[in-house]
Amino acid sequence: MGIIKAVDLAFEYIRRDEEGNVEGITRAVDGVNLDIQAGDFVAILGHNGSGKSTLAKHLNALLYPTEGTVFVDGKDVKQPENIWDVRQTAGMVFQNPDNQIIGQVVEEDVGFGPENLGVPTKEIWERVEESLKAVGMYQYRKHSPNKLSGGQKQRVSIAGVIAMHPKCIILDEPTAMLDPNGRKDVIRAARALNQVEGITIILITHYMEEVIYADKVYVMDGGKVVMQGNPKTVFSQVEQLRELRLDVPQVTELAYELKKSGLPLSDGILTMDELVKELKLLKKK
Amino acid sequence: MSLILDHVNHIYGEDTNLAVAALRDINLVIPDGQFIGLIGHTGSGKSTLVQHLNGLLQPTSGSIYFNGQDISDKDFNKKELRSKVGLVFQYPEHQLFEVTVFQDVCFGPKNLGLSQKDVEIRAYNALKQAGVKEEQFYQSPFDLSGGQKRRVAIAGVLAMQPEVLILDEPTAGLDPKGRDEILGQIKKLQKETGITVILVSHSMEDVAEYVDRIIVMNKGAVMFDDVPKEVFKHYEALEEIGLAAPQVTYIVNRLKKEGVPVDTNVTTIAEAKDAILKVFKEGFSPC
Chain A
1 MGIIKAVDLA FEYIRRDEEG NVEGITRAVD GVNLDIQAGD FVAILGHNGS
51 GKSTLAKHLN ALLYPTEGTV FVDGKDVKQP ENIWDVRQTA GMVFQNPDNQ
101 IIGQVVEEDV GFGPENLGVP TKEIWERVEE SLKAVGMYQY RKHSPNKLSG
151 GQKQRVSIAG VIAMHPKCII LDEPTAMLDP NGRKDVIRAA RALNQVEGIT
201 IILITHYMEE VIYADKVYVM DGGKVVMQGN PKTVFSQVEQ LRELRLDVPQ
251 VTELAYELKK SGLPLSDGIL TMDELVKELK LLKKK
Chain B
1 MSLILDHVNH IYGEDTNLAV AALRDINLVI PDGQFIGLIG HTGSGKSTLV
51 QHLNGLLQPT SGSIYFNGQD ISDKDFNKKE LRSKVGLVFQ YPEHQLFEVT
101 VFQDVCFGPK NLGLSQKDVE IRAYNALKQA GVKEEQFYQS PFDLSGGQKR
151 RVAIAGVLAM QPEVLILDEP TAGLDPKGRD EILGQIKKLQ KETGITVILV
201 SHSMEDVAEY VDRIIVMNKG AVMFDDVPKE VFKHYEALEE IGLAAPQVTY
251 IVNRLKKEGV PVDTNVTTIA EAKDAILKVF KEGFSPC
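Line by line, the protein sequences give chains A and B. According to this note's numbering, the stretch in the first sequence is residues 1 to 285, in order. According to this note's numbering, the stretch in the second sequence is residues 1 to 287, in order.
One or more hints might be untrue.
As the list claims (entries may be wrong) - Just a few of them, taken from the derived set where beta-carbon distance is under 7 Å, the chain B residues facing chain A:
(1) Thr-42
(2) Ser-145
(3) His-202
(4) Val-248
(5) Arg-254
(6) Leu-255
(7) Glu-258
(8) Val-260
(9) Leu-277
Said to hold, decoys possible - What follows is a set of in silico ranges between Cβ atoms, one per label pair, in the way DEER data are often shown:
(10) Glu-126/A x Pro-261/B: 56 to 64 Å
(11) Gly-43/B x Glu-81/A: 42 to 50 Å
(12) Gly-198/A x Glu-239/B: 29 to 37 Å
To be verified - Computed list of lysine to any residue pairs in SDA-like fashion (alpha-carbon distance at most 20 Å, straight line):
(13) Lys-177/B x Glu-243/A
(14) Lys-74/B x Ile-4/B
(15) Lys-147/A x Glu-14/B
(16) Lys-277/A x Lys-278/B
(17) Lys-260/A x Thr-268/B
(18) Lys-280/A x Glu-258/B
(19) Lys-177/B x Gln-240/A
(20) Lys-184/A x Pro-176/B
(21) Lys-257/B x Leu-281/A
(22) Lys-184/A x His-41/B
These are calculated hints, taken from the structure and not from any lab test. Quick reminder that beta carbons are idealized off the backbone N, C-alpha and C, glycines included.
Same shape as in the complex, but just chain B:
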């Protein structure tokens, strides 16, 4: 179960004189079970890209294959694709509408034509996976806090049992603890169920902490595609396109520049701590 993008281009308003190339020659393979971070500044083509992955947008040229099938084929089942590739938009809590949390999550599976019992089992499991507490199942979703609402919205997508889960800035507007809780829950879900997760984020610190692979978009093209450590080595190039490395990467690089022989291959606080302590242990150890 994988997604393959082969020379995908997308041009908005192609036949007009306002044509804008939003995606340029994108070639990507997204295998099963990866946790991928998609970063890029506003207007770099991230949203256009993710909307291609579940067929909301069609490539102007090039092809996208889902499990070996070209999704632009006339006889390709788009409806199935949309339930297999779940997209959680920014501020998904604005899409909540039902009277209770449980009914809201039931809405998606109900529209798949499943039996009432199956619908409820799916909703129950999805709410559990998203970390919603049972006592909240029969509350109005509008009485919940921001972070809780967002979990319910994510559960609504999980209830469709997607194989790929795409989250567009799932932590925007949440307090720091809320950010950690949501991302921790998604990481846990990804580990336990083997689902593929694509996280669109502006926070380099979050991306460094959680993902296996980073795709950096710039002006509609893929600029870097590698593990976090390798990508953040190019922190100067990232700055030029309006991004940055995590703060700790800058700290170790500054230290090194100023003569402290520290390992600069660092993207998280825990790694920075170990790298710095190592230097000082060696320095302080009695001969």
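Isolated chain A (complex conformation):
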């Protein structure tokens, strides 16, 4: 069994009017099965309202399944006695950096998590140091978080999660509010954690370019997983992705358009290197 396993997971919101009467039920997650292996980099795509964030909140027990089960590192999230273990195994980073930083000084903010776990003081400081170094924010440890840019704040949020020593980090649109540089830094930090530390990463995003290095991509629509596979397989299906209100990276779209116009290129080209290589080969013929 993988580090995160969802079996026939479903979640229903009960919608109520102002007097509290039940108006209806929304099935936000509908029969999702996931099996994520330790050490994988997994991306979840889907349009606004497709159920991505609701799904993510099940993975560290912020929401409980209406039907089905989620296991995090073998532990059932529905059992109350597992909740602390689950939250320590799977840490979460949200979209808005301003909503998740509480410390007055960067290093205090990062130390907040381990402090609450009852980690001895000396070890807290060691963890703060290694976490800030892992996301490239160590030189800002004495700064006030207010004075940081969005991308820097988001990396401090990630450091705060790493300091809890999770096996898995769930990032829910961590780059939506950032500029291109901030975005690059956050994604680079996430990839480094995955490759160097072997931490499982689950990335939810609307930026297709951030997904091309993932081991596996899940695409959601109407609470269901409608496509899954490696980035190449998923991004080969340009038309289907468009129907799901999504997109492909510009390189992939250009290759797709060129192919449609008769150039014999392969499907699902993801990087500039691949496209340039294939075009040069064509030119030589």
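Add chain B to chain A, keeping to what the hints say.
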């Protein structure tokens, strides 16, 4: 109806020892009916600049003229300026508050002291222009999707009938289709009504696709101010200040460097496709 910025400087905390120069000697002319992209990395002065355009901030030195009048003049009507220059902030849907979509959009014109009938006509037109469907007019704005909420918020500003519409990252947090829909709607609106649009954006791909002119800000000063093609020719200089050209510009430049004689004057996918196909058609055509 134009905006002119003449040697505008803005210094935050001028009389303290924490003074920060946010705008340095800005000279710009913003004529009627242009679609302008304003780009620059975080902290480059974009937001400070747009807040000057409707008088939310005053220049420390220099002048801003709206239709020939200095907006710092004591007898200048600031209230009118704010209804003529509409500013849509980031995440504008957080500012929705009314019970129904229609009432929310009525709020602005109602405060102009118009008759109930005029208020409703303006709200109706604004919602149509922003692409909100009629069946949603009497729903709670909080029941709408992210993209729909944002349209309602934009309609709220359009109902003031501005001559200049400034949008600060209108597509942040939306899915790709939602991004295209909002920008397409704004482009259509700009074409049909001749309104001036200033789009603050982090997405070079969007800017390349939609705008007539790009203003690049760096460290509080204007670094480039030209049509997209000319601006993106400086892609190496843009990278140095934390920006980039659209991905396709890099592709054609790489191809050229590696010996494929392709036209590098390209900023959109459609142009890249044509440029590459042209090379291959010439290459493949039988002699």
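Hint by hint, here is what the structure shows:
Interface restraint check for Thr-42/B: the shortest CB-CB distance to chain A comes to about 5 Å, inside 7 Å, so the restraint holds. Given the 7 Å rule on beta carbons, the hint for Ser-145/B holds: about 5 Å separates it from the nearest Cβ of chain A. Interface hint at His-202/B: satisfied, since its Cβ lies 5 Å from the closest Cβ of chain A, which is below the 7 Å cut-off. Given hint, Val-248/B at the interface with chain A, holds; its Cβ is 6 Å from that chain's nearest Cβ, closer than 7 Å.
Checking Arg-254/B against chain A: minimum C-beta separation of about 5 Å stays under 7 Å; hint holds. Below 7 Å, beta-carbon pairs count as interface contacts, and Leu-255/B has one with chain A at about 6 Å; its hint therefore holds. Taking 7 Å as the C-beta contact cut-off toward chain A, the hint placing Glu-258/B at the interface holds, the least distance being around 6 Å. Hint status for Val-260/B: holds, given a least beta-carbon distance of 6 Å to chain A, under 7 Å.
Restraint check, Leu-277/B versus chain A: the minimum CB separation of about 6 Å is within 7 Å; hint holds. The given range of 56 to 64 Å is respected by Glu-126/A and Pro-261/B, whose C-beta atoms sit roughly 57 Å from each other. Here the CB-CB span from Gly-43/B to Glu-81/A is close to 47 Å, well matched to the stated 42 to 50 Å. Range check, Gly-198/A to Glu-239/B: about 32 Å between beta-carbon atoms, so the 29 to 37 Å window is met.
For the hint linking Lys-177/B to Glu-243/A, the alpha-carbon distance of about 9 Å falls within 20 Å, and the restraint holds. As the CA atoms of Lys-74/B and Ile-4/B are separated by approximately 18 Å, the hinted pair is consistent with the 20 Å bound. For the hint pairing Lys-147/A with Glu-14/B, the CA-to-CA distance comes to about 19 Å; that is within 20 Å, so the pair holds. About 18 Å separates the Cα atoms of Lys-277/A and Lys-278/B, which keeps this hinted pair within 20 Å; it holds.
Straight-line distance between C-alpha atoms of Lys-260/A and Thr-268/B comes to about 17 Å, which keeps the hinted pair within the 20 Å bound. Distance restraint check for Lys-280/A and Glu-258/B: the Cα-Cα separation of roughly 8 Å lies within the 20 Å cut-off, and the hinted pair is therefore satisfied. Taken as a hint, the Lys-177/B and Gln-240/A pair is honoured in the structure, with Cα atoms around 13 Å apart against an allowance of 20 Å. Between Lys-184/A and Pro-176/B the alpha-carbon distance is near 19 Å, which keeps this suggested pair within the 20 Å criterion.
As the CA atoms of Lys-257/B and Leu-281/A are separated by approximately 15 Å, the hinted pair is consistent with the 20 Å bound. At most 20 Å may separate the alpha-carbon atoms for a hinted pair to count; Lys-184/A and His-41/B meet this at roughly 13 Å.
Of the hints listed earlier, there is not a single one the structure fails to meet.
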